[in-house]
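Protein chains in written order, with our numbering: chain R, 6 to 362; chain B, 6 to 362; chain P, 6 to 362; chain D, 6 to 362.
A couple of the hints might just be wrong.
Pairs involving identical chains hold if they fit within one copy or between any two copies, as the list cannot separate such chains.
[Stated by the list, open to error] Using 27 Å as the maximum straight-line C-alpha spacing, the simulated DSSO-like pairs for lysine-lysine come out as follows:
no.: 1; residue 1: Lys69; residue 2: Lys26
no.: 2; residue 1: Lys80; residue 2: Lys104
no.: 3; residue 1: Lys319; residue 2: Lys171
no.: 4; residue 1: Lys318; residue 2: Lys273
no.: 5; residue 1: Lys277; residue 2: Lys171
no.: 6; residue 1: Lys188; residue 2: Lys321
no.: 7; residue 1: Lys104; residue 2: Lys69
no.: 8; residue 1: Lys270; residue 2: Lys179
no.: 9; residue 1: Lys277; residue 2: Lys319
no.: 10; residue 1: Lys154; residue 2: Lys171
no.: 11; residue 1: Lys259; residue 2: Lys192
no.: 12; residue 1: Lys170; residue 2: Lys99
no.: 13; residue 1: Lys44; residue 2: Lys26
no.: 14; residue 1: Lys270; residue 2: Lys44
no.: 15; residue 1: Lys319; residue 2: Lys187
no.: 16; residue 1: Lys321; residue 2: Lys148
no.: 17; residue 1: Lys26; residue 2: Lys48
no.: 18; residue 1: Lys259; residue 2: Lys170
no.: 19; residue 1: Lys192; residue 2: Lys318
The hints are simulated quantities; they were obtained by calculation from the structure and are not laboratory data.
4 protein chains.
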Amino acid sequence: MAGNSFGQLFRITTWGESHGKGIGVVIDGCPAGLPLNEKDIQKELERRRTGQSKVTTTRREPDKIRIMSGVFAGKTTGTPISLLVENEDADSSKYDLIKDLYRPGHADFTYDMKYGFRDHRGGGRSSARETVGRVAAGAIAKKILAKHKVKVFAYTKQIGDLVAKKMDYSEIEKNIVRCPDKKIAEKMVSAILRVRKQGDSLGGIIEVVAQGVPAGWGEPVFDRLDADLAKALMCLPAVKGVEVGIGFEAARLKGSQCNDIFISKGKKIITKTNNAGGILGGISNGNDIVLRMVVKPTSSINRVQDTVTTTGKKAKIRVEGRHDPCVAPRAVPMAETMVALVLVDHLLRNQTARMAP
Amino acid sequence: MAGNSFGQLFRITTWGESHGKGIGVVIDGCPAGLPLNEKDIQKELERRRTGQSKVTTTRREPDKIRIMSGVFAGKTTGTPISLLVENEDADSSKYDLIKDLYRPGHADFTYDMKYGFRDHRGGGRSSARETVGRVAAGAIAKKILAKHKVKVFAYTKQIGDLVAKKMDYSEIEKNIVRCPDKKIAEKMVSAILRVRKQGDSLGGIIEVVAQGVPAGWGEPVFDRLDADLAKALMCLPAVKGVEVGIGFEAARLKGSQCNDIFISKGKKIITKTNNAGGILGGISNGNDIVLRMVVKPTSSINRVQDTVTTTGKKAKIRVEGRHDPCVAPRAVPMAETMVALVLVDHLLRNQTARMAP
Amino acid sequence: MAGNSFGQLFRITTWGESHGKGIGVVIDGCPAGLPLNEKDIQKELERRRTGQSKVTTTRREPDKIRIMSGVFAGKTTGTPISLLVENEDADSSKYDLIKDLYRPGHADFTYDMKYGFRDHRGGGRSSARETVGRVAAGAIAKKILAKHKVKVFAYTKQIGDLVAKKMDYSEIEKNIVRCPDKKIAEKMVSAILRVRKQGDSLGGIIEVVAQGVPAGWGEPVFDRLDADLAKALMCLPAVKGVEVGIGFEAARLKGSQCNDIFISKGKKIITKTNNAGGILGGISNGNDIVLRMVVKPTSSINRVQDTVTTTGKKAKIRVEGRHDPCVAPRAVPMAETMVALVLVDHLLRNQTARMAP
Amino acid sequence: MAGNSFGQLFRITTWGESHGKGIGVVIDGCPAGLPLNEKDIQKELERRRTGQSKVTTTRREPDKIRIMSGVFAGKTTGTPISLLVENEDADSSKYDLIKDLYRPGHADFTYDMKYGFRDHRGGGRSSARETVGRVAAGAIAKKILAKHKVKVFAYTKQIGDLVAKKMDYSEIEKNIVRCPDKKIAEKMVSAILRVRKQGDSLGGIIEVVAQGVPAGWGEPVFDRLDADLAKALMCLPAVKGVEVGIGFEAARLKGSQCNDIFISKGKKIITKTNNAGGILGGISNGNDIVLRMVVKPTSSINRVQDTVTTTGKKAKIRVEGRHDPCVAPRAVPMAETMVALVLVDHLLRNQTARMAP
């Protein structure tokens, strides 16, 4: 109710602050009998980890995961899975300078307005470090989906004005911006390094694809698959927009252009095109699910900005700390995570949709 | 859990099918003591009603609302408010022709895949008629917000290639497309009538504004105000994308361009620009909340399309029924509704955020 | 959240006041494909209906149920089922006399304290008439359970000092107090008529049995089957206690007396005794589930009682209206209803407990 | 949804197994600004700790609590509070002998039926050790209640045939069975030591009192205060029954005996007697809230019992491990915990019941 849980049947609750003792997540509702060990989770954490390349922040958290409960003899037991990462490289010293200032683009001001005060160290709870818990839970979600032949992956589609054109999925994890277009990827890296040098940052667009989702997942009328996915992506830090399939382009189309025509393929009914992005009436239609989200340029920039103090006086601020000059590359595993969490939830929810024959 | 409820503390549950006995909603969690009568609700229903102008469907439902419970002596009692509209002009005859066909762009196929069969008459539960219940509940939400000096309104920003430029809010309800730019509005009407004549349809973009929301509403980290709003709009029929503030444009910006600088105005702290759309870290910052959603062109078009039968055989389909050639004008009150529902929910949720001093 | 919904996956929301326009319920989460018509529901309503015998209130509501949505071609569609009963015989005139008085044993005072005012007519929302909606939903729950070979029934075990000894289940519905012991039933009827003549009322104990529940239903650690059942029964009007299996008697026993020994019977493992009442560690163990609840003597009694006015002044009150002199006989179908609702919910919840092999 | 969370607005999620790496709880919805440190919590854990006296199990867990998140500068921040206790004295060796046997009275069999296998060490998740997390959360709930002048306490009312008569609350924490009647307490201790010597165990009854709850807490019609309390107590290990106020005794009373008459006391309206146990129509009436729960005799007894193996073969079992010969003394803080959790939840829920004037 206070907003730190996500999902209905596969329900995660994250906790922890950027510079507190640790970060963690409790997963309630993971079916019993799934093989699971710490490596399964660690490998996903590596993908979102700080300090992984020259385009990410230099904070170096080992992010060593411990499974505290819910797994016995190598398998999930059906009871809550508690995952824990202790913070190690938290350097709060630089934040003392800004504890009475509101950083532009950050949640400092709004947390103060809501709660009356805040943990100012590294953004406290509003830090992207909170997503460690999500990604850890997402690793489990992905394993469950894999058992159902569903695969979720994401990539950087755009950074600044640079848009990927070639869609070579095998390229994605080979470059540090996670872009499927090798040439554009190189340009993106250069662009990011350039803005970092300028003490500035860049925005971008991530595209997520889920392959293998059967027709029938999603609940009318509020918990539509697309609605739950929109919320899932929009609750990631820095996201300002989400679209499904054709997305905002639909405004310019006519019905005769936008409708996907049904055809038969073997024993399956599919659609010829996929403007719908795999979802009709809030329920999956068996096609690839395709979504995009936009991340704003990182708010922490290494230059002097105008702001006010917590008492409203004019001030200058220079956000030191260590920050990603572009959120996109590390947002890729986060986007996958959120989509995987929604899909597992709806996979489970769909199991009770019909009377047994 | 089966997806027909929305909200946590101000919780609505809608029910009803397009061609069933009626449509309704139960609101649980409306605070006691709010003055309320049927006129308050009826006037909002008129705005979403079919048959209200030459650009909407010709189905003529009076949509006469009855308050069945939860109001006594002119005030809400704190107990569930049940609102009921009986269906009158349901003409199911034309749907018999298509009960074994899958209409492109509709949920026929996905409902069949999920439930094993469907109520094919008028789209059954997946019909936009379901939103009668939402709009009725939204009327109550708006009354509560008004008591807190919060106003929510929406308008058509774009239809096809026509984009409103002049933002004269007093124009909105004066034209039948609900566009704040009088001249563009006229062009929009012509464009809609033109595509209808062609047996086709048009998409569009709706912008929603909430004025007067104080800083502090929204819950980290999953139930962010923007995340809940994204879900709220995305679960409206035909919506394919949602953005907040600067939205997708953020991909092209640098941090130094995108950050809104804090300034003092009297005793309040506000931001100079509003690229954030009134929300930082998922919590309202006191600025106007600004959102946009895109609606795809109506899937029901009055021309022959290819499709398949429920058994997968090739077929031709011509969707007769009565349909809006462009969803946008009637989507305006729906968008307002969803935003109002989310805001009231977070207004209530925020009341428990702090210990009493 | 405001307390008018019950269940997680099979979720009901009731609405309506004793003397309002009607009473109803929306069921969300009923699986698709269940054959259902109004008769299925009406027959359960008859069992809780007022005016059914000389030991019940004389208010005569026909309680004619209408299925407003969620059923098509004789089967549930998976979408919300809205059930509606319009009030007809509401006689509010007698309640005007007591609108400024607090009836002893009733919720008048507490509703005023909570909401600031109340619908005083017939108890408003706190009337047992609210259970019409529950029993209607319970009829559907029972149909689902029947498909899974689970049967729920209840009976009056005790009224005043009269305790049923013979457990002849075939007798239950043959006498108007619903007691399995024919002789005791006759004495119970006499006792009730006697206290009614005295302008007084009697309490009693209802026992509920669920047969055929397989081992494995129930969720650790909070949503235990027994915990959910305890809540389910305790939220019925007039209930002051609930026990499972051996119940309060357990205080006097030793472990060696109380433990049920496991034995094999054919291929099944069962227990020799059933002190546990069919539930171990919150999960069903395959035995009959056995529960009891106590109902207090009806608070509305036809004699002068001391009380205070809403402003705290001393006053005399005589509750006229029409009331059951003993709640027990009509509480039998209500108790069955609540148990059936919990069981269906856990039946559905259990479907996601394990990974598919 | 999988049953490991409790509460709506003050929501706790517990995790951990008896012999796993640790035990913990995440609290979401604790209002910001509550002073809190580890000592506040530790002192409640001491009261439920094993090895605290000669009538409890000899397992000696230090139960050292760590606050991992949600507290900054000595106050709660409004974000999730994660509490962690690492297991230290887990001795799983004795459990290997019984991993293929079903212990009578335990959840071994039902967990196997539900999940397909189980963590057999010390009962795994079904161990009473799980309540460490609850009691830790309950310590916070009690602090919030104290700010609202509400006090919750419990005591042993009965063990075997020994029933406390003198109600001297100052005695409760002075004796190791937590009984308010000093003389009976001594007899209880002797009785427990006697059954332990016999390799047997005893049941008992705990009474819980909440003082200072104002009129108006509780939600009609399902989430009644008494219904939520019934669930809260029934979901504690070993509990087989719950009653409120007069409880099961109500079956034998007439309405004229059972009704509590309203009277004025100063400016407050109270009742002369408290048969209702402080709750009318599911809402607190300002009187003391009084509840009782029965705990069965500990299932683990140190003598040979008949049972079956996991494959259904006849077997003998002797449960070694270390166990309380009577659950009651340590169930006292657990009962207080559950009542405190429910009360805080309803305190928060009640804050949104009315429109601000």
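Structure-based check of each hint:
In this assembly of identical chains, Lys69 and Lys26 lie within 27 Å of each other by CA distance both inside one copy and across copies; the values are 13 Å within and 16 Å between. Taking CA atoms no more than 27 Å apart as the test, Lys80 paired with Lys104 passes between copies only; the shortest distance there is 17 Å, against 45 Å inside one copy. Taking the shortest alpha-carbon separations for Lys319 and Lys171, neither the intra-copy value of 48 Å nor the inter-copy value of 34 Å comes in at or below 27 Å. Proximity of Lys318 and Lys273 under a CA criterion of 27 Å is satisfied inter-copy only: 11 Å between copies versus 65 Å inside one chain copy.
For the identical chains of this complex, Lys277 and Lys171 are intra-copy neighbours only, at 21 Å inside a copy versus 40 Å across copies, given an alpha-carbon limit of 27 Å. In this assembly of identical chains, the alpha carbons of Lys188 and Lys321 never lie at most 27 Å apart, being 39 Å within a copy and 45 Å across copies at closest. Proximity of Lys104 to Lys69 under the C-alpha cut-off of 27 Å is found in neither arrangement, the shortest distances being 29 Å within a copy and 32 Å between copies. In this homomeric assembly, Lys270 and Lys179 never come within 27 Å of each other (Cα to Cα): the closest approach is 34 Å inside a single copy and 50 Å across copies.
Only between protomers do Lys277 and Lys319 lie at most 27 Å apart by alpha-carbon distance; the minimum there is 13 Å, versus 58 Å within a single protomer. For the homomeric pair Lys154 and Lys171, the shortest alpha-carbon distance inside one copy (26 Å) is at most 27 Å, but the shortest distance between copies (51 Å) is not. In the homo-oligomer, the alpha carbons of Lys259 and Lys192 lie at most 27 Å apart only across protomers (16 Å), although the nearest pairing inside one protomer, at 36 Å, exceeds that limit. Taking the closest pair of Cα atoms, Lys170 and Lys99 never come within 27 Å of each other, the shortest separation being 41 Å inside a single copy and 45 Å across copies.
With identical chains, the CA atoms of Lys44 and Lys26 are at most 27 Å apart both within one copy (22 Å) and between copies (17 Å). Taking the shortest Cα distances, Lys270 and Lys44 never come within 27 Å of each other, neither inside one copy (39 Å) nor across copies (44 Å). Neither within a single protomer nor between protomers do Lys319 and Lys187 lie at most 27 Å apart by alpha-carbon distance, with minima of 46 Å and 41 Å respectively. For the homomeric pair Lys321 and Lys148, neither the shortest alpha-carbon distance inside one copy (48 Å) nor that between copies (41 Å) is at most 27 Å.
With identical chains, the CA atoms of Lys26 and Lys48 are at most 27 Å apart both within one copy (22 Å) and between copies (22 Å). For the homomeric pair Lys259 and Lys170, the shortest alpha-carbon distances inside one copy (25 Å) and between copies (22 Å) are both at most 27 Å. For the homomeric pair Lys192 and Lys318, neither the shortest alpha-carbon distance inside one copy (41 Å) nor that between copies (48 Å) is at most 27 Å.
The earlier numbered hints that this structure contradicts are 3, 6, 7, 8, 12, 14, 15, 16, 19.
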